[in-house]
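Modelling step: build the complete structure from the supplied sequences, incorporating the hints.
So the sequence lines, in the order shown, correspond to chains A and B. Going by numbering that gives the first Met the number 0, the letters in the first sequence line up with residues 0 to 335, in that order. Going by numbering that gives the first Met the number 0, the letters in the second sequence line up with residues 0 to 335, in that order.
These are computed hints drawn from the structure, not numbers from a lab. The model shown is predicted, which means the values in this text are computed figures rather than measured ones. Treat the hints with caution; some may be incorrect.
[As the list claims (entries may be wrong)] Pairs of lysine to aspartate or glutamate, EDC-like flavour, derived with a Cα cap of 20 Å: (1) B:169 with B:298; (2) A:270 with B:284; (3) A:270 with B:280; (4) A:270 with B:138; (5) B:270 with B:216; (6) B:270 with A:26; (7) A:300 with A:138; (8) A:1 with A:26; (9) B:300 with B:138; (10) B:270 with A:284; (11) B:1 with B:24; (12) B:270 with A:138.
[Claimed, not checked] Here are some, though not all, of the chain B residues that point toward chain A, as calculated from beta-carbon distances under 8 Å: (13) 28; (14) 264; (15) 269.
[Said to hold, decoys possible] Per label pair, the in silico range of CB-to-CB distance: (16) A:80 with B:200: 42 to 50 Å; (17) B:282 with A:114: 54 to 62 Å; (18) B:56 with A:118: 42 to 50 Å; (19) A:106 with B:200: 43 to 51 Å; (20) B:200 with A:110: 50 to 58 Å; (21) B:313 with A:10: 54 to 62 Å; (22) B:11 with A:208: 21 to 29 Å; (23) B:297 with A:59: 50 to 58 Å.
Ideal Cβ positions, reconstructed from N, Cα and C, are used throughout, including at glycine.
Each chain is listed here by its residues.
2 protein chains.
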Amino acid sequence: MKRTRFTLVRRPQGRPVEADFALVEEELPALAEGEFLVANRYASLDPAIRGWLDDAPSYMPPVPLGEAVRATTVGEVVESRNPAFPVGQWVVGLHGIETHSIGRSDGFASPVDPALVPSPTHFLSALGAVGMTAWFGLERVLMPAPGQTLLVSAAAGAVGSLVGQLGRLKGCRTIGIAGGEAKCRRLVERYGYDAAIDHRGRDAEAIAEAIRAAAPEGVDRVFENVGGACLDGALLALRDGARVALCGLIAEYNAPAPVGARNLWQLIVRKATIRGFLVSEWLPEWPEGIAAMAALLREGKLVVDEHVDRGLDQAYAAFMRLFDGTNEGKMILEIA
Amino acid sequence: MKRTRFTLVRRPQGRPVEADFALVEEELPALAEGEFLVANRYASLDPAIRGWLDDAPSYMPPVPLGEAVRATTVGEVVESRNPAFPVGQWVVGLHGIETHSIGRSDGFASPVDPALVPSPTHFLSALGAVGMTAWFGLERVLMPAPGQTLLVSAAAGAVGSLVGQLGRLKGCRTIGIAGGEAKCRRLVERYGYDAAIDHRGRDAEAIAEAIRAAAPEGVDRVFENVGGACLDGALLALRDGARVALCGLIAEYNAPAPVGARNLWQLIVRKATIRGFLVSEWLPEWPEGIAAMAALLREGKLVVDEHVDRGLDQAYAAFMRLFDGTNEGKMILEIA
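Pasting the structure below:
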């Protein structure tokens, strides 16, 4: 039996190019005791994947050259030597962008029930790492109070669009930063943001000015996905005692040299905090977050946008949408 | 009656030059009801003063052109129209680098008892903003546990030397960063640091390497006074869940362009926090901090180094020592 894999053949320098990857067909190895074979239906494409392609110390080992690019997938067990993952079981796991993944109990894999959600893609969006990032970032890091002003960068993105909606449900005033007029319209019309700021053509000072126009007293909470001018602008518009949840720095990931943050002195002036976080910190509590997000979904209180591209041959192009900003919603690759 | 003032005549561009200031003699105005006249004995020279010279939004209004440079002073009341500050009373206040300051009840001024300390200069060092910065930064922001590793930058400085000693008294392993061999020797021999790192000639990566050599598992707590390569190096050597207290960014203050922090992504990887603070946050609790520091002084548990230059005509040169690093201990100007 064969599988096709989207493999890493060369470590990207800055922005990944197509030749850094190759589609490879190979014979599937036989399963060892405890292993199970997952036929992947969908793969989650996330900015974090970019970090895993570098050979740099991080919270996870780099993707080895010649191996499938690591991604969370959802699929069905089609062969098993593990009683906890029988044939027919649906599984979400940190596997690879490939038609078939070999799962292990000691890996990151969980059985899931597709009857719980309208589409199995939801396990990769609202109930997946993206949804949990929004939920725990807000509930455990930012802990905003009703009436506070919440600023979100990459606010139309997969995480940001959920953060804005969850913040609004908690009674916050929400301001979103996104790139381009169309996205800014989506922020207000689709995700219920109170104000939208287009970062295109604006430097940190201009972004700060736009934030202050929308929130003259400054912002209490910032959910930061971008870094660069977005973060530097936010730092210039903090209220005393503000908290910044540092979730991602997508402005840095493909930059040839670090962009950095130039306004950290505002943390002193504003007695403010930046807290970096990884959603894996609350892994034992995910069931609680998943239940909460599933309930909001069922009650129709959340708009969950997914951008699904089809076919392993589209993996590179689909991944790059994350950095070009041409996706509208959580980026997902349909594998089969 | 006349007074002499060290006034700001031009806003510095980057590094202050002597012509940005002028010594001015002027007739003292008559006291209004509620005012009192302080004959200043000593002025505290602090890096924060540099920020007050810029016309930029901050936690305090900029020093007006033509006015005395703002500084904390200690002195004696020599004339009074305020019963709470009678003639003969010693006062610590946020006044100016000048022979005489006019105090007001609604300003930052407190009566002090010089009998409590070996020297009135101690009100500007261990019992002043410097001592309170070390105390509250450690007690309220970093809250290190015994056995944790505490990294301090500008570790031989007025704040840093106290932080290292207080951290050690709390049972921490302490690592200090300073500029030059002589200062590094002081760190270990005089302030009891377990390890010293010379930042001269080292970039962020080399500083990180030196930190990891002294603390192979990384550092739990960072008391950051410098920014630039010191902060970037510290960020590369954090332990999971680390906390950074951002007290100052002296590397930025005179830089022509912002230096910035390039390794904020480490906050995500390490699930770490940076908290900026101003010692004024705990102003109501200062008596508690002052009592604690006074007790440590009396018990001989603290080495408090002061670098006293004499005369208002030395104000500029003395102030610049802070940025050249030629002071050995808390920088104080003796006025009279």
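Okay, the hints, checked on the actual structure:
1. B:169 with B:298: The hint holds at about 16 Å.
2. A:270 with B:284: At roughly 17 Å apart (the allowed maximum being 20 Å), residue 284 of chain B and residue 270 of chain A satisfy the hint.
3. A:270 with B:280: holds, 8 Å
4. A:270 with B:138: holds, 15 Å
5. B:270 with B:216: holds, 15 Å
6. B:270 with A:26: violated, 40 Å
7. A:300 with A:138: holds, 17 Å
8. A:1 with A:26: holds, 4 Å
9. B:300 with B:138: Holds - the C-alpha atoms of residue 138 of chain B and residue 300 of chain B are around 17 Å apart, at most 20 Å.
10. B:270 with A:284: holds, 17 Å
11. B:1 with B:24: Holds - the C-alpha atoms of residue 24 of chain B and residue 1 of chain B are around 7 Å apart, at most 20 Å.
12. B:270 with A:138: holds, 15 Å
13. 28: Hint on residue 28 of chain B: violated, closest Cβ of chain A at ~32 Å, above 8 Å.
14. 264: holds, 5 Å
15. 269: holds, 7 Å
16. A:80 with B:200: 42 to 50 Å: violated, 58 Å
17. B:282 with A:114: 54 to 62 Å: holds, 59 Å
18. B:56 with A:118: 42 to 50 Å: holds, 49 Å
19. A:106 with B:200: 43 to 51 Å: holds, 45 Å
20. B:200 with A:110: 50 to 58 Å: holds, 56 Å
21. B:313 with A:10: 54 to 62 Å: The hint (54 to 62 Å, Cβ to Cβ) holds, given that residue 313 of chain B and residue 10 of chain A are roughly 57 Å apart.
22. B:11 with A:208: 21 to 29 Å: Holds, since residue 11 of chain B and residue 208 of chain A (Cβ atoms, about 26 Å apart) stay within the stated range.
23. B:297 with A:59: 50 to 58 Å: Once the Cβ atoms are compared, 52 Å apart, the range 50 to 58 Å for residue 59 of chain A and residue 297 of chain B holds.
Checked against the numbered hints given earlier, the structure breaks hints 6, 13 and 16 and satisfies all the rest.
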